[in-house]
Each structure stands twice: as structure tokens, then as C-alpha cells.
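Chemist: Chain residues, written in single-letter form:
2 protein chains.
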Amino acid sequence: MKITNQFIQIEGFKASGIYSGIKKDPNKKDLMVLYSELPAVSGNVFTQNVACAAPVHLSKSNAESHYTQAIVVNSGNANACTGTQGDHNAQLTSSHLAELLNISSKEVIVASTGIIGVQLPITTLIESLPKAVASLSSDGFENASEAILTTDTFEKKTSVTFNLNGQDITISGMSKGSGMIHPNMATMLGFFISNINITKELLQKAVSESVSNSFNMISVDGDTSTNDMVSVLANGSAGNQLIDTEGLAYNQFKDALSLLMIESAKLIAKDGEGATKLLEVNLVGASSEDVAKKCSKAVISSSLVKAAFFGNDANWGRIVCAMGYSGSQFNVDKVDVAFESQGGLLKVFEQGAGLTFDEELALQVLKQDMVKININMNDGECNAQAWGCDLTYEYVKINGEYRS
Amino acid sequence: MKITNQFIQIEGFKASGIYSGIKKDPNKKDLMVLYSELPAVSGNVFTQNVACAAPVHLSKSNAESHYTQAIVVNSGNANACTGTQGDHNAQLTSSHLAELLNISSKEVIVASTGIIGVQLPITTLIESLPKAVASLSSDGFENASEAILTTDTFEKKTSVTFNLNGQDITISGMSKGSGMIHPNMATMLGFFISNINITKELLQKAVSESVSNSFNMISVDGDTSTNDMVSVLANGSAGNQLIDTEGLAYNQFKDALSLLMIESAKLIAKDGEGATKLLEVNLVGASSEDVAKKCSKAVISSSLVKAAFFGNDANWGRIVCAMGYSGSQFNVDKVDVAFESQGGLLKVFEQGAGLTFDEELALQVLKQDMVKININMNDGECNAQAWGCDLTYEYVKINGEYRS
Numbered sequence: 432m433k434i435t436n437q438f439i440q441i442e443g444f445k446a447s448g449i450y451s452g453i454k455k456d457p458n459k460k461d462l463m464v465l466y467s468e469l470p471a472v473s474g475n476v477f478t479q480n481v482a483c484a485a486p487v488h489l490s491k492s493n494a495e496s497h498y499t500q501a502i503v504v505n506s507g508n509a510n511a512c513t514g515t516q517g518d519h520n521a522q523l524t525s526s527h528l529a530e531l532l533n534i535s536s537k538e539v540i541v542a543s544t545g546i547i548g549v550q551l552p553i554t555t556l557i558e559s560l561p562k563a564v565a566s567l568s569s570d571g572f573e574n575a576s577e578a579i580l581t582t583d584t585f586e587k588k589t590s591v592t593f594n595l596n597g598q599d600i601t602i603s604g605m606s607k608g609s610g611m612i613h614p615n616m617a618t619m620l621g622f623f624i625s626n627i628n629i630t631k632e633l634l635q636k637a638v639s640e641s642v643s644n645s646f647n648m649i650s651v652d653g654d655t656s657t658n659d660m661v662s663v664l665a666n667g668s669a670g671n672q673l674i675d676t677e678g679l680a681y682n683q684f685k686d687a688l689s690l691l692m693i694e695s696a697k698l699i700a701k702d703g704e705g706a707t708k709l710l711e712v713n714l715v716g717a718s719s720e721d722v723a724k725k726c727s728k729a730v731i732s733s734s735l736v737k738a739a740f741f742g743n744d745a746n747w748g749r750i751v752c753a754m755g756y757s758g759s760q761f762n763v764d765k766v767d768v769a770f771e772s773q774g775g776l777l778k779v780f781e782q783g784a785g786l787t788f789d790e791e792l793a794l795q796v797l798k799q800d801m802v803k804i805n806i807n808m809n810d811g812e813c814n815a816q817a818w819g820c821d822l823t824y825e826y827v828k829i830n831g832e833y834r835s
Numbered sequence: 432m433k434i435t436n437q438f439i440q441i442e443g444f445k446a447s448g449i450y451s452g453i454k455k456d457p458n459k460k461d462l463m464v465l466y467s468e469l470p471a472v473s474g475n476v477f478t479q480n481v482a483c484a485a486p487v488h489l490s491k492s493n494a495e496s497h498y499t500q501a502i503v504v505n506s507g508n509a510n511a512c513t514g515t516q517g518d519h520n521a522q523l524t525s526s527h528l529a530e531l532l533n534i535s536s537k538e539v540i541v542a543s544t545g546i547i548g549v550q551l552p553i554t555t556l557i558e559s560l561p562k563a564v565a566s567l568s569s570d571g572f573e574n575a576s577e578a579i580l581t582t583d584t585f586e587k588k589t590s591v592t593f594n595l596n597g598q599d600i601t602i603s604g605m606s607k608g609s610g611m612i613h614p615n616m617a618t619m620l621g622f623f624i625s626n627i628n629i630t631k632e633l634l635q636k637a638v639s640e641s642v643s644n645s646f647n648m649i650s651v652d653g654d655t656s657t658n659d660m661v662s663v664l665a666n667g668s669a670g671n672q673l674i675d676t677e678g679l680a681y682n683q684f685k686d687a688l689s690l691l692m693i694e695s696a697k698l699i700a701k702d703g704e705g706a707t708k709l710l711e712v713n714l715v716g717a718s719s720e721d722v723a724k725k726c727s728k729a730v731i732s733s734s735l736v737k738a739a740f741f742g743n744d745a746n747w748g749r750i751v752c753a754m755g756y757s758g759s760q761f762n763v764d765k766v767d768v769a770f771e772s773q774g775g776l777l778k779v780f781e782q783g784a785g786l787t788f789d790e791e792l793a794l795q796v797l798k799q800d801m802v803k804i805n806i807n808m809n810d811g812e813c814n815a816q817a818w819g820c821d822l823t824y825e826y827v828k829i830n831g832e833y834r835s
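Sequence lines, in order, name chains A and B.
So for the first sequence, the working numbering puts the first residue at 432; every next one is plus one.
So for the second sequence, the working numbering puts the first residue at 432; every next one is plus one.
It is possible that some hints are incorrect.
Simulated pairs of lysine-lysine, DSBU-like, Cα-Cα distance not exceeding 35 Å [claimed, not checked]: (1) A:K725 - A:K778; (2) B:K562 - B:K537; (3) B:K778 - A:K778; (4) A:K778 - A:K433; (5) B:K828 - A:K778; (6) B:K798 - B:K636; (7) A:K537 - B:K685; (8) B:K459 - A:K636; (9) A:K778 - A:K803; (10) B:K491 - B:K798; (11) A:K725 - A:K562; (12) B:K537 - A:K765; (13) A:K491 - B:K765; (14) B:K828 - B:K765; (15) B:K828 - A:K828; (16) B:K798 - A:K765; (17) B:K433 - B:K636; (18) B:K798 - A:K459; (19) B:K433 - B:K778; (20) B:K828 - A:K765; (21) B:K491 - A:K798.
Restraint ranges, calculated between C-beta atoms of paired labels, are given here [to be verified]: (22) B:N682 - A:L776: 52 to 62 Å; (23) A:Q479 - B:S526: 33 to 43 Å; (24) B:K455 - A:Q795: 20 to 30 Å; (25) B:N458 - A:K455: 32 to 42 Å; (26) B:N436 - A:P457: 41 to 51 Å; (27) A:K455 - B:K778: 41 to 51 Å; (28) B:F585 - A:T584: 35 to 45 Å; (29) A:Q760 - B:K636: 25 to 35 Å; (30) A:Q479 - B:D686: 48 to 58 Å.
I should point out that these hints are in silico values taken from the structure, not numbers from a laboratory.
Given the structure is predicted, the values throughout are model-derived calculations rather than measurements.
Ideal placement from N, C-alpha and C gives every residue a C-beta, glycine not left out.
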């Protein structure tokens, strides 16, 4: 299995990314179309936020179609908190694109990201769709992955290839997100395509499971957006025998998809607003998967833990404290904590008690741009990983000084 | 009913606050004793954190005694994550104080706040107890309320007086906390005394209910400490008829206690680390109390909302978004949001849609040191209030730069 930070083209998929006029800066692309020429099934996960945006409402419904042939995304405007006009605009987007592509509007997934509470400039968007469709090409993914960004500082492209009983399977993806971002800017988005031949049901299952171990295990600031969405399209062009049961082939695909989504999630955490370092919690020895996930998520979400890492402070007390309020039951007297990076390994807490450690080594370990928080609960066989970033002046600046 | 920010003395209660040598700076008191000469019942609430500190373990057990005659608190060391030695040290503290006061060690509540993971300098503490006991006096509450502080920037004293069928009832309290504070410093503490005559069972009920509407509705950074504790002692010296059923008298007392705890909670929120303003969520019209509490707590806890207020940004999108991920079901199209302060009233969101507003007025409303976030869910009869503060550079500095 091979993972890269490139977007590998897949037969039958085309994409484009253009500037339509939604963003103010004409140098920033803001409209993306992804199109599958072959019939493709999709697996999707949507935000749990009750105040979810109009495109999320529509896409949830459209995702029930057997086939999904296109994804259209605008950046610069979230079409969230926009009432019935917002719903209408999302529908107009899907129906106009469907007409241009000669597909059913039910086969279109719509996503938006950007400012909340402002109506989408729908005329501008619709008038730009023919250009976006005319620009569709098999090497259009570079432009496409650019067009879904808002305040991200870099594009998040990932691909994985593996061999399934002699067939080369590829999954390629583009993601977006760097926290709840710029004032009123929001959203984590992920769009993936694959040539694998798999049923819609099993694709959905693989997507749901993979998201729970990847995108659901990152936290930049604990705020869940109104627009979060992950979609995976599979067109079967690899020609492998249809995966319609949970066997070896399904597991191979799911493992590859999970790894790819974890890689994408880490890119998002790394690009967290104002972040200076990527944090990874590796928690082992939990009594249940629920405990493992809750504890690791509590640690990565704690403002105090995040601020301590910004200050290169080996503050294990905050880590144990966050585990303690995670809602999980465990015995703190069994817990070990260590920090690990290119700078070395620093054990700070063992069997419920703090260890004395060398402050020089601590600084050496913590000042790196990727630091692992290794936790052993010594209480069972369950593990979890979570990713986040440090809390910095820059985060407060980005999120507090927009209007002042 | 009259609430003040002074500590009103109550017959039969004495207190002292001295420097014992736990803190480095001899100008900062670090040992407090509160003593009830008359038999007193207590109501208590302890942290839910699984990794709770040794004094919390001990005090939970001691709180089951019918009478509670003394409270001893040290600041500067949390005695948390200190294993069996920590438990032993908490027990030594209670037994030595009990001997000096000639009471049972089970009648002593012990609390600690300060650095996590370092053993309490128990010899220093025990050797200072005779001095603390010798200093006990009815006007010792000023020193006492000073001795429980860590990084707080001001003392948090509150009292309420009311008339119960001809008897003057007083409740007086001292609180402590300004977020999970200084690296390794933690904890919200509240100690209250009253002359009311009430059964232990009903006192406990009143305390639990009042805490849920006050201290449980504040958030500085979302981190629940290992040492949080609230204790209320009532010695019956007012001579009122024993309150042993939930009638009018009970309700009067509970209302007074709730108001007092809300006032104390607001002082803690106002003193949040690095805070420049106090935020108050007034949420009305929720379909259930659970929805009201969850939504208001989510808003006050959101890093994005808090950062927006630091920047005087009328960012209603983040407020609606936080309500959306609170775990509550509601219809966003019914929600109204307004901001209110000495600077005026600013309506920003009505019936699920953003309103255009005057930016000048917005700045005027938001730049005050106390801003209300008024939310009407227009969906029922339930209300909730929550308090917090803005997220500032100073917060990141306090919590990130301790060791670097």
C-alpha cells in the first residue's frame, strides 16, 4: 500500500476549479465541479450540527440516490442560516449542473464553505457553471482542490494505491479545513474518488468507519461546523470483482481508505488556525474503544493542553486532568504518559505519579513541529489516535481581530 | 433579599488565613481554617473528574458525617495525582486539625488547590495548623478568603441576607477560581456558611440545585479541575423553625443560596484568565431545561465565540453554530439572537436569518466590560443563564508561556 501527498488521476473522473465571483479576490478560485463519466456509487458523512447548512440538507437527501455522478462546491459563502432562500439556491445549483451534465439533479452532491448568514450570489454561481463544466478534465484536480479552500494555508491532496487480487486500486482525495477558521468561515470538507468496484451499502459502511477514526478524531478548536461533509465516489473502473460482502477485499479497501483519511485529517490538524505544531495522541491499553476515543479526544481538545504545547511546557497534569473529565471511568493510578518527537522520548508520568525529568530534554522534545502524546492506560486492549494542534496568539488574532 | 460583595460575619463561625510555607512568596497566605463552634450540617458538591485529588476523595467520605465542624484549605499545592502518599497527607491534615479543635476527624472537610503532581509539604502544613487554629476569630474571614486564592486577581466574597418568618437569615461565602489557571494550577472552590436551621438532607438538596444553576453554568476554558469543591455549612444559630420539608421556607433559602452562588460564579467568570469582559448568556424559550442548559453552555464554552467577543465582533454565526452542535434538537428558523450592554441593544439574528445592523452601534455594544447574549429559541417555556469571558492573547500567554 502506498500513500502520497499527490492527487493521482483515476479513469472516468474529471474535475475543474474556477473563479466565479463569489470570493472578492479574482486570484482565488471559488467553484469546483467533480464529475464521474461512469456510473458511480457514493458513501457520505454529514455534520451532526442541528443548524446545518442548506447544501447539507439537500446533499443528505440526494445521497440516497443509487448513483452520484457529480459534486459541486463553492467556497467563500457557506449558504448556512439562510432560510428557505438558501434551500432554493442549493437546489438551483444542483439542477443547473445536472442539466449541463445531462444527469439527474438527485445525482449531484452540493457543498458550500465560507461566510455564514449571507445569501449565496446565486446568479453569479449559475452563470459560471457552464464555464466550470467546459473546464472539466482528467487533470483538473489541481484546480479543483484549490477551489474548495477558504483560509487554509496549503492544499490537502492525498492518494493511496494498493493491489487487490491483481487489480490496481486507487483512492484519491482532496480535503479542506483549518479550524472553524476566519470569522464566519467554517467547515471541514473531504472529497475522495476511487476506481474500486463496490456496492453502495459497503462503500457507505467503509466511509462511516473510516471517518470515525480520522476526521472525527481531529480537533482544532472543538467547534463543529454547520457545513462539514465527506463524500467518496467509486466508479468500478478497476474492474475488480464487485465487493458485496465484508470479506478480505472489503477489509483491504477499508484499511486503505482509513489510512488515507487519517493522512488527510493530519494535514487539516497541521494547518489548524495559527498552529505551530501538529499534536498526535497515541492512546493504548484502554478498557474499551469508547474510553480510548473519549480520553484521546478530550486531551487533544483541551485549550489548556494546547496552550501548554505552544509554550513547550511538559504539563502532564493537564493531560491527566482532561482524561479525568472526558466522561470515562478509569484508574488514574495505572496511567503512563510520555512525549515523543524527533527530539527524543520524555517519560513524564508513570503509574499515576509524576516523574522528575530533564528540562533541557523536555524543551528538545516539545519544540519540534510534530509531537506525540503517548498514553498507556494499562487497563485493556483498546487503542485510539487523535490529532490536533497547539493554541497560539495567532489563533486568537485570526478569530478575534477580524472586525476590530 | 440583599446581596453584597462583602463577607458578613455569622454567630458561631470563626476563620483564619495564614502563611504556612507552601507558597514560595511569604506575602501570600496559603492556609485557611474555617470552624463552626456550634454543631453544623453541611451540603457539598465535588468535581466529577475521575482523576480527582486526594482531598476530594477524603472530603467526599467525610461529608457523609452528620455534622461538619471545620474546613481546612491549602493553596499552592493541589495534592492531586499524588497516589497513596497524597491520600495519607490529606488524612493527616484532617486528623491533626481535628485534634487541635477537639472534634472528630470525620467532621473535617479538606480542600487543596495549586500545582498538580507534587507531594504536599505535609510537615510544613501540620506544623502551621496550631498557628492557624490560634488565629481563628469571628473577623478572620478576610484573611481566610485571601488564603484560598492562587492566580485569582481579586477576592470573591459574597453575602445575602433575608427575613424568614421574622428571623434574619444570612449566607456568606468565599470563592476562588479564574479558569484552570496557571500551568498546573487549577480549581474552583466555594465555601459558604449560614445561620439557618435546616436538615442535612435539605441543605444538600439546596446546594446541589443551586450549584447546577451557578457554578456549573460558568466556563472559562472548558477544563474541569481535579479539585473543584463547594461546601455550605449551616449552624442553625438564627433560631428559625427547623426546615425539614420542602415548603415555603425551603424555597426562600434555596432562592437566596442560588442567587448568592450565581453572584459568586459571575465573579469567577469575570476573573477568568486574561479576560477583558464578562459574558452572560440569557437563553429563553427553550423546549426543555436540558436544551436550555446545553445550548447556553455550548455558546459560553465556544473558543470561537469567546475570541469573537475579544475582537468586538458581532459574530452571531458562531453562536448559532455552537447551539447547533450542543447535542440539542431545535429549529434554527425560530431562533432570535441579540447583544446587550451599557452600550445599547443590538439585534443580529431573527427567525433563523441574520439582520443587517449598524457597525458603529455593534462596537458600542460589544466593547463594554459586561455583555449579554440574549437568545430566544421561541420553542417553549424553559430558560437558562450561563457566564464566561472572552478568549484573549493573555489567556494563551498565561497558559502557554510558564515554562518557555
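Chemist: A separate judgement is required for each hint: does it hold in the structure or not?
Modeler: Here's how the hints hold up against the structure:
no. : hint                        : verdict
1   : A:K725 - A:K778             : 22 Å, holds
2   : B:K562 - B:K537             : 22 Å, holds
3   : B:K778 - A:K778             : 52 Å, violated
4   : A:K778 - A:K433             : 33 Å, holds
5   : B:K828 - A:K778             : 25 Å, holds
6   : B:K798 - B:K636             : 39 Å, violated
7   : A:K537 - B:K685             : 57 Å, violated
8   : B:K459 - A:K636             : 60 Å, violated
9   : A:K778 - A:K803             : 12 Å, holds
10  : B:K491 - B:K798             : 43 Å, violated
11  : A:K725 - A:K562             : 46 Å, violated
12  : B:K537 - A:K765             : 29 Å, holds
13  : A:K491 - B:K765             : 22 Å, holds
14  : B:K828 - B:K765             : 40 Å, violated
15  : B:K828 - A:K828             : 13 Å, holds
16  : B:K798 - A:K765             : 48 Å, violated
17  : B:K433 - B:K636             : 23 Å, holds
18  : B:K798 - A:K459             : 34 Å, holds
19  : B:K433 - B:K778             : 33 Å, holds
20  : B:K828 - A:K765             : 32 Å, holds
21  : B:K491 - A:K798             : 41 Å, violated
22  : B:N682 - A:L776: 52 to 62 Å : 59 Å, holds
23  : A:Q479 - B:S526: 33 to 43 Å : 51 Å, violated
24  : B:K455 - A:Q795: 20 to 30 Å : 27 Å, holds
25  : B:N458 - A:K455: 32 to 42 Å : 56 Å, violated
26  : B:N436 - A:P457: 41 to 51 Å : 57 Å, violated
27  : A:K455 - B:K778: 41 to 51 Å : 27 Å, violated
28  : B:F585 - A:T584: 35 to 45 Å : 41 Å, holds
29  : A:Q760 - B:K636: 25 to 35 Å : 26 Å, holds
30  : A:Q479 - B:D686: 48 to 58 Å : 37 Å, violated
Violated hints for the displayed structure, listed by number in ascending order: 3, 6, 7, 8, 10, 11, 14, 16, 21, 23, 25, 26, 27, 30.
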